[in-house]
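*Asks:* Line order of the protein sequences matches chains A and B.
Here the first sequence is numbered in this note's numbering, starting from 1 and rising by one per residue.
Here the second sequence is numbered in this note's numbering, starting from 1001 and rising by one per residue.
Keep in mind that a hint or two might mislead.
What the hints assert, rightly or not - Derived BS3-like pairs: lysine-lysine, alpha-carbon spacing no greater than 25 Å straight-line: (1) A/Lys245 x B/Lys1103; (2) B/Lys1200 x B/Lys1103; (3) A/Lys154 x A/Lys165; (4) A/Lys420 x B/Lys1200; (5) A/Lys306 x A/Lys245; (6) A/Lys154 x A/Lys366.
Just so you know, the hints here were simulated from the structure itself, not pulled from any lab data.
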Amino acid sequence: MTKMTFRKLLAATALTGITATAVVAEEVDYGKFDGYTLRVKLIGGAQYEPLYARIAEWEAMTGATVDVLSRKNHFELDREIKQDIAAGTLDWCVGSNHTSFAPQYGSIYIDLNGVIADATLAEFQALALENSTVDGRLVQLPRHSDISNLYYIKSLFEDADNQAKFEAEYGYALTPPETWDQVKDQAMFFADAPTFYGTQFVGKDEAITGRFYELLVANGGALFDEDWNPTFNSEAGVEAVNFFKDLYEAQAVPAGSLNYLWDDTGLGFASGTVAINLDWAGWASFFNDPENSKIAGDIGLVRAPKGSAGIRTGWSGSHSFSITESCDNTDAAASFVTFLTSHESQMVEATAGLLPTRAAVWDDAKAQFTADGNDFLVEVFETYAVSMAEDAFTPPLITPWIEVSNEIWPQLQAAILGEKTPQEALDEAADAARIVMEDAGYL
Amino acid sequence: MANKRPPFWQREQYTPFLLLLPAVLTLLFVVLLPLLFSLYTSFTGYRLIRPESLWQWVGLRNYKRIFADGDFWVAFGRTIIFLTIALNLEFLLGLGIALLINKITWGQRTLRTIMMFPMMFSPILVGYQFKFVFNDNIGILNNALQALGLSDGAIPWLVDKYLANFSIIFAEVWMSTSVFAILLLAGLFAMPRDPLEAAKVDGCNPWQVFRHITLPFLMPFVFIAMTIRSLDVARAYDIVDVMTGGGPAGRTELLWTMIARVGYDNARMGQANAMAYVSILLSIAFTYYFFTKLLAARKYMGGAE
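Work out the full structure, taking the sequences as your base and the hints as a guide.
*Replies:* Written out as structure tokens, the structure reads:
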């Protein structure tokens, strides 16, 4: 960057409210890169696109042009980046990244410490930066964070008839769940397949591995011991698998759950046919929008419940931007990623319910929601702020994470479908994970 | 004065080789070299994200792992079953459609065009279309069955061991039956009328005409279509990946969904290439079988051997 006035940025973002953000947009100097074309690969999808509308602003400010080489979902982008590494065609500068994916890419991305000014980095949440660090290198600048909390249909819990029946059957009052055992009871109580389901879960890929992982931790287990031996085939692991299996067998979740990913569960909850739904904040606005959702105005939200060890589930990660080692204009790239993660950019994303990684944006976004009279988003931000601060943990930030995950999830499916016992399935997954860890040099 | 011999590239006996050279070079660079390269990588621990691992020679380790891997062989067997069912269904339906279209005299061109619509879609779109049709909760099929009172539960089309494979075969057949229909229709158009008329004069009933004249004449076309489609289906990936991703619990795992996961998601390209080489045997076997049948069919018809 030629001359970036980070002090102004710092001063401006210290203020709160929308007026302050408007000032920031004008005052920050993102440098001049006349005639330069910045080549980028970005994650695409409805929830990510609104931010990209701002790219034109950066182009106007800096005189550079942005050439978006691809805009795909993260799994496809990941394949493309791996092909680029193999073919030696990393001839682009900025790529979307994610805390779960970043450790695989080795040293193709630069350490942003020293490239992004300290003053800018200081505005990010310490935990978000820590999770973006691999082997001591800050390989990505966090864009927004991701953690899940529990949404539920309020009227179901407030219904006196439901309350009386539930208490008679389970011996305790029907209130928004505090533990995963309660979630299981309530899901079975509300379920009336095939027209209505108690809850649902994502059933394949890293999605279900992540859900298993957070429940394993909440039950007091761990994926690996300190020497990287797989330990998820423990009692806590079996207990976690049984949670999914019991719900599936009781038909408290849709029969096709094992084929579901995030869109399926999000749209399912919005369709009003599911009572309880663990999901990220990115859906919040969608769920509460009468045009898209049948449960708008009838949604409750509580922190993710606790497992048997008294720990809350909190699988977390951040979407982020990285700059390649082979980039021919690091200054322009740094200016671009700083712009896309700036205070005002994060305000744009926060409006959709995406969780900011800059500390100040949490307060400013909440102030804006309050001013707009959007009490639901205020509640969302308050709940997610607590879980980000107290419950968040990432998967192990190791190169073979996705590979280990690919050994775990087919076995979880086999156990849920009853093809193997949970213990057999986890033992097989642990054996396969051991080979992966050995090949990767961890064992 | 003795005639000076022209340089060798101008000599007559070399001309054919010279003319063939561009084709040979193209094949060499576009087909053979990449094949040799991928064969080489199947003996290495090549991982996409570690370009230097290209030189890590591991001998037969990848192949040993594959031969000891039960999941691979289950996927291998499932691919053969998938191939057999899909090809036969496509053949029967394609033959039926071709015979029917051959009968009509008005609107045939329009029908032929309409028939080819499914082929015009990308397999990925076909996958999404049927993923929606077969969705257990919001899918059209389950909703239709429930509305008609034929089912009172949510049938897990994409989860049940048999139904999931059925759903994928259905999508594959929907998309590609027209390949058979078009090729067989071409065969019917090219068919000489004389033997048919002679058979009728001799008093053959329609079934006898079909069984002993039409079908044998069509068989070479059938086997060409089978060969093309067997190579296509053996590489089935897009539809399966979109509809089930090979799951759940590997119930719909075919060779190429497995190879793509190993090669890209797990970045173990060396091992994936070894799997690909083993699975190529399958394609070679099917192609060889159909070509043998093709030659036999042509011989039966008195054609070239």
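*Asks:* Quick one: which hint numbers does this structure break? Sort them smallest to largest.
*Replies:* The structure conflicts with hints 1 and 4, although it agrees with all the remaining ones.
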